[in-house]
Amino acid sequence: MSADAVAALLTGGPEVADLSLVLPLQFGLGVVGEVVFGVLLWVLDQWYWLLDWVYYFTGVEMLNPDYRYMQRALLVGLCIGVMAPLIGTFLVHRQLALIGDALAHTAFAGVAIGLFLNSVIDLGVSPYLTAVVVAMIAALFIELISEVTDAYNDVSMAIVLSTGFALGTTLISLNAGGLAVGVNQYLFGNLATVSPQSAAILLVLFALIVVTVVFTRNQLLFVTFDETAAAVSGISVNWYNRVVVMLTAMVVVGAMQIMGVILVAAMLVVPVAGATQVSRSFSESLVLSVVLAELAVLLGIGVAYYTGVTAGGIIVLVAVGIYVCTVVLGKIQSALGEQTTPDMGSIDAESTEVGAGVESD
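For reference, each letter of the sequence shown is one residue, going -2 to 358 in our numbering.
Some clues are possibly wrong.
[To be verified] Cβ-Cβ distance ranges computed for the label pairs, FRET-style: (1) Ala204 - Ala332: 42 to 48 Å; (2) Val152 - Tyr66: 39 to 45 Å; (3) Val32 - Thr160: 33 to 39 Å; (4) Val306 - Asn61: 18 to 24 Å; (5) Ser331 - Gly35: 51 to 57 Å; (6) Gly231 - Trp46: 20 to 26 Å; (7) Asp49 - Val152: 48 to 54 Å.
Think of the hints as simulated: they come from the structure by calculation, not from any bench.
Built from N, CA and C at the ideal position, the CB exists for glycine as well.
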């Protein structure tokens, strides 16, 4: 599939209408790039087709084929509802709930770098792509600072957060080369700005995160609950810690499209916190947190569309409301004599069983 053929697909049908989606082809990714983005085109096309049928049968206004941006926003939201709790569950049990904030602020610096380069040298790269690169570098620096200086994780996170946001605000304020940036969409998120290109980036991040967690789940779980035993068994603890923070960076950039820098960390923590109130094991908590996150995203996007308010804020408020409900439910069930709060014994047993499996491998 040539670049011209991809462009013809983009402009010739209702499925996608943004030539920026073929950007990777301009950077010489060759056959691999063409195949990957050909698959992404097909996925977007199938998603549009599915929601078109849902609209015809239900008449839900925001699914109207004329509102492709809303259909893309729903796709992005559903992916975030899986990605964020998938990684957030490990972060919460590691007591790293605030790392999302640190990486979100450094991702903002990545956005600023992309906008700056586009303005000064007309690079033509998506700010979300530069945000991914910068956020992943920042994630590695958080781990590196902790390892080299023996500082607590919250110290390294504070250093990276303040550095990232300072760099971002400095670049935004330079106004070099006629740079004029509307930063609100990056700070607070915006459903209308989910372009085919940014949706494609999100789909790539989604695939990388899910595949990585599937193949490293046992090791990540073992390291999460017992780093010492994991190290004794031969697992590279530092390596898997870096994997977690890099995956977190990917989630943050992906969710930033509709959540914004300020609120993105909430999706890593709030659904997981709610799930832990009514679950008995790590696996149960993981599944339930995804369900709660999807519920918050769908309700939040729906309310945002029909009321005209910022989607990120509504999604977080719905998630917090769901969290309150789970706390109340957990208390009620506990009062009735049922053990519904997180059973650390069962979690430890699960991690021990996983550890034994890893050692036997």
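Right, here's what the structure says about each hint:
| no. | hint | result |
| --- | --- | --- |
| 1 | Ala204 - Ala332: 42 to 48 Å | holds (43 Å) |
| 2 | Val152 - Tyr66: 39 to 45 Å | holds (41 Å) |
| 3 | Val32 - Thr160: 33 to 39 Å | holds (38 Å) |
| 4 | Val306 - Asn61: 18 to 24 Å | holds (20 Å) |
| 5 | Ser331 - Gly35: 51 to 57 Å | holds (53 Å) |
| 6 | Gly231 - Trp46: 20 to 26 Å | violated (48 Å) |
| 7 | Asp49 - Val152: 48 to 54 Å | holds (51 Å) |
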